[in-house]
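**Q** These protein sequence lines map, in sequence, to chains A and B.
If you count by the UniProt record's numbering, then the first sequence holds residues 1 to 481, one letter each, in order.
If you count by the UniProt record's numbering, then the second sequence holds residues 1 to 481, one letter each, in order.
Keep in mind the hints are simulated off the structure, nothing from the lab.
One or more of the hints may lead you astray.
[Said to hold, decoys possible] On the chain A side, residues computed to face chain B include the following (Cβ under 8 Å):
| # | residue |
| --- | --- |
| 1 | 67 |
| 2 | 305 |
| 3 | 313 |
| 4 | 323 |
| 5 | 329 |
| 6 | 331 |
| 7 | 335 |
| 8 | 382 |
Fair warning: this is a prediction, and the values are worked out from it, not measured in the lab.
Where is the CB? At the ideal position from N, CA and C, for every residue including glycine.
2 protein chains.
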Amino acid sequence: MTEVIDQEHQTEIAALIRDIRDVMARNRLVEGLVDRAQENNHALVEKIVHKQNLTRLSKKLEKLHPADIAVILEALPHEERMAIWELVHSDIDGEVLLEVSDAVRESLLAAMDRDELVQVANNLDADELADLAPDLPEQIMQEVFTALPLADREKLKFALSYGEDTVGALMDFDLVTVRADVNIDVVLRYLRRMDNLPDHTDKLFVVDRYGQFEGVLHLKTLLLSDPDAEVSQVMARDVVRFHPEDKARNTADAFERYDLISAPVTDENNRLIGRVTVDAVVDFIREASDEERLAQVGLREEEDIFAPILKSVRNRAPWLAVNLVTALIASRVIGLFSGAIEQLVALAALMPIVAGMGGNVGNQTITMIVRELAFRQLGNDDIRLLYSKEMRIALINGLVWGFILGLITFLLYQGLALSAVMMAAVTLNFLTAALFGVTIPVVRMKLGRDPALGSSVLITAITDSGGFFIFLGLATLFLLR
Amino acid sequence: MTEVIDQEHQTEIAALIRDIRDVMARNRLVEGLVDRAQENNHALVEKIVHKQNLTRLSKKLEKLHPADIAVILEALPHEERMAIWELVHSDIDGEVLLEVSDAVRESLLAAMDRDELVQVANNLDADELADLAPDLPEQIMQEVFTALPLADREKLKFALSYGEDTVGALMDFDLVTVRADVNIDVVLRYLRRMDNLPDHTDKLFVVDRYGQFEGVLHLKTLLLSDPDAEVSQVMARDVVRFHPEDKARNTADAFERYDLISAPVTDENNRLIGRVTVDAVVDFIREASDEERLAQVGLREEEDIFAPILKSVRNRAPWLAVNLVTALIASRVIGLFSGAIEQLVALAALMPIVAGMGGNVGNQTITMIVRELAFRQLGNDDIRLLYSKEMRIALINGLVWGFILGLITFLLYQGLALSAVMMAAVTLNFLTAALFGVTIPVVRMKLGRDPALGSSVLITAITDSGGFFIFLGLATLFLLR
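With the rest of the complex left out, here is chain A (with noise of 0.2 Å):
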């Protein structure tokens, strides 16, 4: 079941996902001609036949992997998706459940009864459970809970207790553990004795009778070892390891430098609880970087295609609201200087471009300041030195772009005054976006907050109010009378 043949499968699942449309396009049709003709015996054939199409999918999906189910299940409109759902064998349905979308998510588990949910629930480790427990009905959590055995309750609870973005929500309880004072021998034969072992199992992890971590064992080191070797000799006492309310994102960065497959997770009395897998680390990256994309334009959940209307508009609503108060304030400050567009209006048409032109000095330089804090703390003597740069790069393209479009502006209108007033305001600008682009970023840092974040609509309402105020300024100082 976890294995599958070949990159050829992707077509095959592409194909998957139109066979189903198709057929369920078909039952439509039939169940039209069905309606409209109780009695036709055309229609009760093609229903038949409809029947012996929904076995021949339910057949096929039998034999995907859950991960594959989750595709295609993303991949259907609520009907189709609703109709597979059913077909999906119940055994399967909680791994199932675990890969989708959050949006999908929601939409199935709406679809169950009670005590489909259950028997779902009873089926996921504790681990799991604590991933699906927010979109679980409160009910059925008790439920659960309740009907759990003691140590499972125990687990669940701590899994529970730690927030999404820790190492508590990432870590699960699928140890294999080893005494330190036994032969190499007497492991393998005890592995032997075991059905399986967990996924990602690259290590066993050594403690002492009262559950203390005491080191790893790599299977690695397992094999090519002397079976009469005791494992205190040639265990791993140095390792990388976590406790569970450490940063998600660290521990990935640390996954990622030390390219590990597992770690172990102890609590502050070095006693083990758990262990971290390279798969779930994997996960958390995709999400993250997806979510910061989202968040990029004020997203704040997936939508999928299939979405409610009225959710997506809920969803897009904080960002407009927040560019219309940007927006307004810009307006505001243009209205202050409509004296001077009356006299010149030129300046209503170059305007946009000051400020358009900052805004991109601006996001270049917080993108390239928010890529340095993520991958590592700065110093006050990084920032001074990031300060001076970016205020340097900041007046050579000013000057360089200040002067193309001084003689454009030049070109275009015949006003020298105007051109040098153009030239002047592009490189104020410039140092203006420069200087906020370093200064947003570094002070949410130092409040402890994500420096991405939201960062990009703050320093284009800064270059965009202060294009506009720099350009009008200078042209009623220097242009009008």
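With the hints as your guide, set chain B onto chain A.
**A** The following block gives chain B in isolation, referenced to the frame of chain A:
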């Protein structure tokens, strides 16, 4: 060496970086003193202290993982970086070079002489060498290449022949292969005779005597199976595998979807040629998302904060040049209507609102579409659905926000007709934004391009010029005579 302790480690590394910068700053001070008074005893003592400090640092560095040394080098300004690079033991030079960012790698390589470079190159595997090759001088590569054993030469040639975003570039050649017709016991004894297994070995590869791929033997299976069983009885035959010309992105998706640690790479004749491991995939995912973020603001390559100013100026020029063109077009659109603005100066203050909010809507739409495209191929039905959905969202949003803006316009300028024009312009520009927000990425995808790249710049250009045109055009038609 590959093991490190605890999360506090991060703090230790930060402390070490501060330590290095202190020592180096003192060093400069001492050199100044020595220059000024050659015979000064105090200065000589200081110089000795500095030597001791360097030895101390060197000892600390010896204990670190190459990835940690990379982090330290990246955090240091040029002079300190070079001084520390000198202290790094030459055995791990190669590994450190593989870990540092492109910009830092360039600066480190530039400081090494021919012999050092050849030595580094000789310490690396063929697939690692291929990663470093683009940054090494042609002549050195030639020399290293000629010195390689024939098999490695083939591998290097092979690895170099595939583009950066293919499986061929991700893969390595660290394969442990076994035959299908031997017993588990034989495999165990075979492994025990080896010094070490390659990193990320979670499975052995089963091949026939011609090197044809037959399946995999998981370490797990190896440990759990009866020693007398034959490999062919317990190996997995249906496994995810890749071809060297497959896209790296699809491979990353498969690793994420099926939670893989390593997977075989076979050629068109089913011959096993290498493997892909999860650490290479994680690096790829990180780099790809990093590149995407930079590309969004038109940056081509990473700069680090210690990069020379002029390099940064060049790096940032292309996007500014594109923006110059789009801003000029928008400016000329405004220029067309200068008569209208002269008659009604309020238009100048209101027009950036229409353009800006349209830009936001367009960017939200594009982000959603690009996200959908990243997860799956969209059929024509899906695309039709997307158009209809996004247009309807835009219509609702346009009417809602247009009404609000119309109201604000009325409060500011008391013109009913002007308010109506504002509302109509906002709605129409939202519809324009949604139309092109779907069209741009979909067309790019159909042309086989990356749907994300530059989409944001393009949509903003359209909603800016379009917004000005719609608003000023409507105003000319309905407000002026």
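**Q** If a hint holds in the structure, say so; if it does not, say that too.
**A** Structure-based check of all given hints:
Taking 8 Å as the C-beta contact cut-off toward chain B, the hint placing residue 67(A) at the interface holds, the least distance being around 4 Å. The beta carbon of residue 305(A) is positioned within 8 Å of a beta carbon in chain B (closest approach about 6 Å), and the interface hint is therefore held. Interface hint status for residue 313(A): upheld, as the beta-carbon distance to the closest one in chain B is roughly 5 Å, under 8 Å. Annotation: residue 323(A) was flagged as interfacial toward chain B, and the flag holds, the nearest CB pair being 5 Å apart, inside 8 Å.
Hint status for residue 329(A): violated, given a least beta-carbon distance of 10 Å to chain B, over 8 Å. Among the interface hints, the one on residue 331(A) holds; its C-beta lies about 5 Å from the nearest C-beta in chain B, closer than the 8 Å criterion. Restraint check, residue 335(A) versus chain B: the minimum CB separation of about 5 Å is within 8 Å; hint holds. At a threshold of 8 Å, the smallest CB-CB gap from residue 382(A) to chain B is about 7 Å, leaving the interface hint in force.
This entry does not satisfy hint 5, going by the numbered hints stated previously; all others are met.
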